[in-house]
Amino acid sequence: MSETMILIGGRSSSQGTSLCAGKLGTEYVEVSSTLEMNVEDMARLGLKDNDRVRVRSATGEIVVRCKGRAAKDLPSGLLFIAYGPLSSALMDGDTAGSGMPLSKNIEVQIEPAA
Amino acid sequence: MLRIVNGRVYDPANGVDGEVRDVCIADGRIVADVAPEAGRIDARGMAVMPGGVDMHCHIAGSKVNLARKLQPEDHRDDVLARTAVTRSGVGGTVPSTFTTGYRYAMLGYTTAMEAAVPPIFARHTLEELHDTPIIDKGFYALMGNNVLLFKLLEKGRREEFRNAVAWLLCASKAYTAKLVNPGGDEAWKGRRNANVTQLDEKIESFDLTPRQVIGALIEAVDELGLPHPAHIHCNNLGHSGNFETTLETMRIADGHRAHITHIQFHSYGQVAGKSSSEPTSKAREIADYVNTHPNISADVGQVMFGKATAMTADAPLGYMLSRLTKGKWINADAEHESGCGIVPFTYQDRVYTHALQWAIGLELFLMAKDPWRMVLSTDHPNGGSFMSYPKLIRLLMDREFRKQEMAKINPRALRETALADGLDREYTMSEIAIITRAGPARLLGLARKGHLGVGADADITIYEEQDDKEAMFATARYVIKDGQLIIEDHEIRADHEGRVLHVAPEHDPAIAEVVRAFFEDYYSIRFENYPVDDSYLGKHEQVPTRQQAAAVPTASESSAADH
Amino acid sequence: MSANTRVVRNATCTFCGCVCDDMHLTVDDDTHKIVKAENACVLGRAWFKEHGIEQRPQALIEGREASTEEAIEAAARILADARFPMIYGLSDTTCEAQRQAVAIADMIGGNIDTTTSVCHGPSGMAFQAVGESTATLGEIRNRADLVIFWGGNPAESHPRLFTRYSVTAKGMYIPNGKKDRTVVLVDVRRTPSAAVADIFVQVKPRRDFEVLWALRALVKGRHVDPAIDQLTGVPLATLEDLAARMKACRFGALMFGMGLSMTRGRHFNSGALLALASDLNQYTHFVAKPVRGHGNVTGADNVVSWQTGFPFGVNMSRGYPRFSPGEFTTVDVLSRGEADAALIVAADPGSNFPQAAIDHLRRIPVIVLDPKETHTSRLAKVAITTSTYGINVGGTVYRMDDVPITLRPALPSPYPSDESVLKRIRERVGELIGGKRIPAMERIGVAA
Chain A
1 MSETMILIGG RSSSQGTSLC AGKLGTEYVE VSSTLEMNVE DMARLGLKDN
51 DRVRVRSATG EIVVRCKGRA AKDLPSGLLF IAYGPLSSAL MDGDTAGSGM
101 PLSKNIEVQI EPAA
Chain B
1 MLRIVNGRVY DPANGVDGEV RDVCIADGRI VADVAPEAGR IDARGMAVMP
51 GGVDMHCHIA GSKVNLARKL QPEDHRDDVL ARTAVTRSGV GGTVPSTFTT
101 GYRYAMLGYT TAMEAAVPPI FARHTLEELH DTPIIDKGFY ALMGNNVLLF
151 KLLEKGRREE FRNAVAWLLC ASKAYTAKLV NPGGDEAWKG RRNANVTQLD
201 EKIESFDLTP RQVIGALIEA VDELGLPHPA HIHCNNLGHS GNFETTLETM
251 RIADGHRAHI THIQFHSYGQ VAGKSSSEPT SKAREIADYV NTHPNISADV
301 GQVMFGKATA MTADAPLGYM LSRLTKGKWI NADAEHESGC GIVPFTYQDR
351 VYTHALQWAI GLELFLMAKD PWRMVLSTDH PNGGSFMSYP KLIRLLMDRE
401 FRKQEMAKIN PRALRETALA DGLDREYTMS EIAIITRAGP ARLLGLARKG
451 HLGVGADADI TIYEEQDDKE AMFATARYVI KDGQLIIEDH EIRADHEGRV
501 LHVAPEHDPA IAEVVRAFFE DYYSIRFENY PVDDSYLGKH EQVPTRQQAA
551 AVPTASESSA ADH
Chain C
1 MSANTRVVRN ATCTFCGCVC DDMHLTVDDD THKIVKAENA CVLGRAWFKE
51 HGIEQRPQAL IEGREASTEE AIEAAARILA DARFPMIYGL SDTTCEAQRQ
101 AVAIADMIGG NIDTTTSVCH GPSGMAFQAV GESTATLGEI RNRADLVIFW
151 GGNPAESHPR LFTRYSVTAK GMYIPNGKKD RTVVLVDVRR TPSAAVADIF
201 VQVKPRRDFE VLWALRALVK GRHVDPAIDQ LTGVPLATLE DLAARMKACR
251 FGALMFGMGL SMTRGRHFNS GALLALASDL NQYTHFVAKP VRGHGNVTGA
301 DNVVSWQTGF PFGVNMSRGY PRFSPGEFTT VDVLSRGEAD AALIVAADPG
351 SNFPQAAIDH LRRIPVIVLD PKETHTSRLA KVAITTSTYG INVGGTVYRM
401 DDVPITLRPA LPSPYPSDES VLKRIRERVG ELIGGKRIPA MERIGVAA
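Each protein sequence line maps, in turn, to chains A, B and C.
At position 27 of the first sequence (counting the first as 1) the number is 27 in our numbering, and the numbers step up by one without a gap.
At position 119 of the second sequence (counting the first as 1) the number is 119 in our numbering, and the numbers step up by one without a gap.
At position 329 of the third sequence (counting the first as 1) the number is 329 in our numbering, and the numbers step up by one without a gap.
In case anyone wonders, no lab produced these hints; they're calculated from the structure.
Virtual Cβ for every residue (Gly too), placed ideally from N, Cα, C.
Incorrect hints may appear among the rest.
Residues of chain C clear of chain A, computed beta-carbon distances all greater than 12 Å [as the list claims (entries may be wrong)]: (1) Thr5; (2) Val35; (3) His223; (4) Glu240; (5) Pro412; (6) Arg428.
Subject to a maximum C-alpha distance of 27 Å in a straight line, what follows is the list of computed BS3-like cross-link-like pairs (lysine-lysine) [stated by the list, open to error]: (7) Lys179(C) / Lys72(A); (8) Lys220(C) / Lys328(B); (9) Lys369(B) / Lys403(B); (10) Lys151(B) / Lys170(C); (11) Lys204(C) / Lys202(B); (12) Lys48(A) / Lys67(A); (13) Lys204(C) / Lys72(A); (14) Lys247(C) / Lys220(C); (15) Lys170(C) / Lys204(C); (16) Lys72(A) / Lys220(C); (17) Lys539(B) / Lys423(C).
Just chain A, same shape as in the assembly (with noise of 0.2 Å):
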């Protein structure tokens, strides 16, 4: 029951802050690992807020939870997660001759998970 989505990397004002206490920390792990999804797609594949959910791009997979958005902050069909190794796990090593690794708007499939 995978769908098709777009994930977008990026800062949060809780990211930078629990950045600061050390990656290694707990708040910065849990902020890091947390999934935005718009709620209407989170109702179809019948997940509530804090269920774990597969992401996987096609260089790597992740578990997450996931965290629900309303329509008009996150559209539909589109993923946030806050930087850390877990969304930086799904980005490809290819630059395409830039240095840049693609870190936003990455295609990647999403399934609930056990």
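Using the hints, position chains B and C against chain A.
Just chains B and C now, with coordinates in the frame of chain A:
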């Protein structure tokens, strides 16, 4: 200790014109004599001169670094590999900092002054100068569009104006006040990219005219007793008919010293009745004025064919050039202080305007009656790279070579000038020494530079005499800096840190509160964080003002001024 | 908070590229902590609060505690022996440290790159092609009556960009702050930054280039097909309105973030935006600014540029600087398995890089300089604890608009600065390689 023997010495400041005589060095200075066991350099067949002094170039700071970053294509073709004593780097018209220092030294230059820095970016310039090896260096602080100064001036607060100028010089560690297109920034930033064109028009948002700003800064710098006067890039640079603005600007000085920079770009007439796009030469009028007014000095700003980079605080000019080239362009506004325009540019001998500019520069050199006040520059890299100085020297010294080069340029442009009209003069070695060393040093007020008299800094260049003057001046055989042998047999043998030359004029400390108030209202950095602390100076020398020099008891070069 | 406190005024926060220099810090000398940071935003407060003096080993060599001196020796040997050493990071340290790093790269013929290559590197590449019309932040504060934020979320990443430097801040010609400005936000999703926007434009993911190009066309009075709506999610009427506002303003500013550089198009997106801002100068005064992430990434760009001629992705293996994004940028150098040693300063690629690059970092000897334990320090062979710039250590940093500021450190630290460690590594490497690089390779018969 070192003794240079058998060389032909050119020291015009001390009346020495090609005489074969010894030059002795000890403890970083020229001395009358040294012990017999001192090291020797046999300079037979060579010319011995003071180290070159470039009084107007763009080599370090925020604007330069933008231009440097802009042109990787320039750097790729011109690389400098590291050696045991030198760092690697790249060249082109905007070299990396290490390369800049090494290449100036290899040309035989030992001092260079960065011509335009907004005080808010002074730290950046000092950091880059720190990474510019060998040469002594300094910079001019932009003030001709400074909003705080405008506010004081429009209210007639002349005392505070003068104190604020002094405060800015001290805070930034600059050498003098620089004006670039005075009054133009407010129109550029505030009135949708307009500019000023008249000296008597109102500056946008201020009850002031460019004339008033120019006059006030010339006077203030004079009152502060700075070693070098207000350094002025006149309004209307590059525009047909601008010679009138230049003459008017020089008249504002009214007997005070003033320096008009890259004066070639300000020496254009206009074909009567035509639109403004066709410039003509007014070199004669400009040269005549400079010749007859000893308070005025200038550097030529010669254009040399080939690649250049226009980099100027004259932002409207930068924009105008970008519209011509239709290529990449940088504009960078600095709050309350300045603008900046950068455009890669190539001068072509076939193009009427470029050829005219080249010819006008030569006219100015050849018509100058006093080489001490019409010195050599290309406004590096605006008119061309400093690496083109040797070719320019040959153009001045070798009439046949000049004629060959004249034959290559747009003939209509040539006819507009007096170059083909009996300007046959050839610069002598002594005159070259004046326009590349002795003159700039004197204009900068650097008493121990530009000459080889006893007590001078031991900054010495030795060239192998050759008929081909371009080849001769392209690479020094020996360069001595502060008494250290830096270049031997054309190669760099040792690294060296030059000194930052700066001024610290006396002023009323109460002005700081006036400045602070302005900062708190309008700047985006804190007043306390604005002045540059001494740690950025590295090796440095505070050059005294007229008043400070008079206060020192002995007439000889006092060590109190030294690092 | 104990009674033993003092205040350090006008200190600088280097958490993000705003580099706010109006921090008034209250320091508790008993607990060695900064207990208050007046004027700091939520990120700045965390930055100052969390960078106290921690109990950490001076260094770790292969996981075992070691002294700084031992670690410097080990690091120097790694670099001296390597054939393709690379140096990376440098955006969270002082210019003085950055200069040492470039000097080391020059000495060993190494690769030197900064976090720019995974941040606004593409904007730097676009800059090389197009140029840029820009201004210091004070100009934007004092003059900008139209401010457009594109592909960024300053409310969460650079809070004071809004409050000190643009949106709500009052200026010389903007006496009423936000009331005198029009604020536009362009993004693929409605972030908290939308709260300050008068106009929010939502773009379909990966379609920023098309929107920017359409705006360029509209600004120049050219026709744009209404099908742009379907392609980008933005109606033609919205674009026409935006183009008209851009031309009619007195001083416009386009501030852009990773939403352009990190997505399909990369430097083409940045280039389209820079070109749009430059084009607008035919009609009014318009500037663009890449919003820089780390406190001194701008300093890194500046230092590497003035010393080598190029801003990032520089390789010195031939004895002189060569620049080639994609070839000498760190993600590529690691993903292709080319580097055989790495020196990472003030960055955490072990957390932020693609997996292929991290995998290679595990295969080669890695030296890390960092105040805190990170994913990278955990995989490093040599991890040296250094002190934090702006908090323990002074030096120079450059704000996102190139304004250079001198740090006022608040709290002395028992750990050395990055600069002092790099300087000692440089000296030791110099001794080990005898002052010049002699690669232990056969010469391929190429003329010198």
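If you draw a straight line from the CA of Lys72(A) to the CA of Lys220(C), is it 27 Å or shorter?
-> Violated, at roughly 33 Å.
Is the straight-line distance between the alpha-carbon of Lys48(A) and that of Lys67(A) 27 Å or less?
-> holds, 8 Å
Lys179(C) and Lys72(A): Cα distance at most 27 Å?
-> Given that 27 Å is the threshold and the Cα spacing comes to 26 Å, the pair holds.
Quick one, are Lys204(C) and Lys202(B) close enough, alpha carbons at most 27 Å?
-> violated, 48 Å
Lys247(C) and Lys220(C): Cα distance at most 27 Å?
-> With Cα atoms ~10 Å apart, Lys247(C) and Lys220(C) stay inside 27 Å; holds.
Take the C-alpha atoms of Lys369(B) and Lys403(B), compute the straight-line distance between them, and say whether it is at most 27 Å.
-> Given pair Lys369(B), Lys403(B) holds - Cα atoms ~21 Å apart, limit 27 Å.
Would you check the hint for Lys539(B) and Lys423(C), treating anything up to 27 Å between C-alpha atoms as holding?
-> At roughly 20 Å apart (the allowed maximum being 27 Å), Lys423(C) and Lys539(B) satisfy the hint.
Under the criterion that the straight-line Cα-Cα distance not exceed 27 Å, is the pair Lys151(B), Lys170(C) satisfied?
-> holds, 19 Å
Is it correct that the beta-carbon of Pro412(C) has no partner in chain A closer than or equal to 12 Å?
-> Nearest chain A Cβ is 20 Å from Pro412(C), so the label holds.
Would you mind confirming whether the straight-line C-alpha gap from Lys204(C) to Lys72(A) stays at or under 27 Å?
-> holds, 14 Å
Would you mind confirming whether the straight-line C-alpha gap from Lys220(C) to Lys328(B) stays at or under 27 Å?
-> holds, 18 Å
Please settle this one: Glu240(C) was flagged as non-interface, so is its CB more than 12 Å from every CB on chain A?
-> holds, 23 Å
Of the numbered hints given earlier, the model fails hints 11, 15, 16; all others are met.
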